[in-house]
Amino acid sequence: MTLPHPLRRALLAGALASLAACAVQRPFNPLQESPAMTDRKTQVRALLKSIETGDAAPVAVIDPHRYTQHNLAIADGLAGFGAALAALPPGSARVNTVRVFQDGDYVFAHTDYDFFGPKIGFDIFRFDAASGRIVEHWDNLQPKPAQPNPSGRRMTDGPSQAADLAHTAANKALVRAFVDDILVNGRMERLASYFDGDRYLQHNPQIADGLSGLGAALKAMAAAGVTMRYDRIHAVLGEGNFVLVVSEGQFGGQPTSFYDLFRVEHGQIAEHWDVIEPIAPRAEWKHGNGKFDF
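Counting from 1, one number per residue, gives the positions in the sequence shown under this note's numbering.
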């Protein structure tokens with residue numbers, strides 16, 4: 001008999017709580033408890049999908065003794081994850097992971113969610129090299145707009161498979177330099193050197209394609225008195241021609257977390273997706289791990 005999704009998700013939340021309790025009672029033995037060594041990207045897809053389906057099996061990839069949470073609205077450990085799932089309205093969760101990439105022990109995913117409302121999110125998971133289990137999680141979530149951007153693009157459409165794998169390091173260096181030059185330090189005279197003219201595809205919900213679209217959006221923001229500032233790069237992760245940059249700054253005067261995904265083509269930036277999330281005041285944090293701390 002197949003259980004309805006809400007009941008399966010409730011059982012999953014209970015299973016997470018039980019695993020967390022067991023972690024306190026007995027030591028971790030990786031030889032006994034490690035999941036089968038399968039592709040880490042596949043494991044992450046299955047884990048995220050379990051939010052929708054309630055399937056408890058994918059949760060075995062999480063180390064219940066060491067799972068550190070950086071989503072500030074969810075309490076630390078497996079118990080916090082279970083509590084968040086239990087709070088979901090019955091039958092409401094939907095998960096469509098569009099693209100997944102791996103950089104060493106890190107796997108990062110771009111997902112179209114319905115999780116307490118429609119959202120687009122980036123998730124980053126860190127695997128422990130010895131045990132093969134997930135020990136840490138970061139994310140950024142933004143409400144999903146109902147309409148496409150001025151160029152007709154949505155926040156998750158476009159290419160999803162990494163290419164140019166031999167140039168991962170060079171692509172990461174290029175994107176880091178762009179974010180540092182333009183977004184952090186405002187060296188706008190270098191902007192055009194990172195792009196092939198106006199051949200630049202944009203998925204930000206408010207900005208049109210090309211450097212002309214970016215310039216028009218920045219001009220409109222300035223006219224409206226809206227400021228955007230990047231202060232610090234926390235992480236740069238990449239696989240082939242896709243590079244994700246995690247940064248911290250301010251948007252409209254509010255502390256903000258920026259997750260920017262870039263696709264590189266022939267040594268220049270060809271496409272951009274992002275998720276922008278305000279950083280909650282410290283008094284509202286459910287743990288002391290911080291939003292970043294890579």
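Where hints are given, some of them may not hold.
What the hints assert, rightly or not - DSSO-like mimics (lysine-lysine), calculated; alpha carbons at most 27 Å apart, straight line: (1) Lys-49 <-> Lys-219; (2) Lys-144 <-> Lys-219; (3) Lys-144 <-> Lys-286; (4) Lys-49 <-> Lys-286; (5) Lys-144 <-> Lys-291; (6) Lys-291 <-> Lys-219; (7) Lys-49 <-> Lys-144; (8) Lys-286 <-> Lys-219; (9) Lys-49 <-> Lys-119; (10) Lys-119 <-> Lys-144; (11) Lys-119 <-> Lys-291; (12) Lys-41 <-> Lys-219; (13) Lys-49 <-> Lys-291.
Stated by the list, open to error - Ranges of calculated distance between the beta carbons of each label pair, as one might list FRET restraints: (14) Pro-281 <-> Phe-116: 15 to 21 Å; (15) Gly-197 <-> Ala-166: 23 to 29 Å; (16) Arg-94 <-> Arg-187: 39 to 45 Å.
FYI, nobody ran anything at the bench for these hints, they're computed from the structure. Each residue gets a CB set at the ideal place from its N, CA and C atoms; glycine is no exception.
Outcome of the hint check:
1. Lys-49 <-> Lys-219: violated, 40 Å
2. Lys-144 <-> Lys-219: holds, 24 Å
3. Lys-144 <-> Lys-286: holds, 24 Å
4. Lys-49 <-> Lys-286: holds, 24 Å
5. Lys-144 <-> Lys-291: holds, 21 Å
6. Lys-291 <-> Lys-219: Since the Cα atoms of Lys-291 and Lys-219 sit roughly 30 Å apart, the hinted pair is violated (cutoff 27 Å).
7. Lys-49 <-> Lys-144: Measuring from Cα to Cα gives roughly 18 Å; hence the hint holds.
8. Lys-286 <-> Lys-219: Outside the cut-off at roughly 37 Å; violated.
9. Lys-49 <-> Lys-119: Measuring from Cα to Cα gives roughly 15 Å; hence the hint holds.
10. Lys-119 <-> Lys-144: Holds, at about 4 Å.
11. Lys-119 <-> Lys-291: holds, 18 Å
12. Lys-41 <-> Lys-219: Between Lys-41 and Lys-219 the Cα gap is close to 39 Å, so the pair fails against 27 Å, i.e. violated.
13. Lys-49 <-> Lys-291: holds, 23 Å
14. Pro-281 <-> Phe-116: 15 to 21 Å: holds, 19 Å
15. Gly-197 <-> Ala-166: 23 to 29 Å: holds, 26 Å
16. Arg-94 <-> Arg-187: 39 to 45 Å: holds, 41 Å
Checked against the numbered hints listed earlier, the structure breaks hints 1, 6, 8, 12; every other hint is satisfied.
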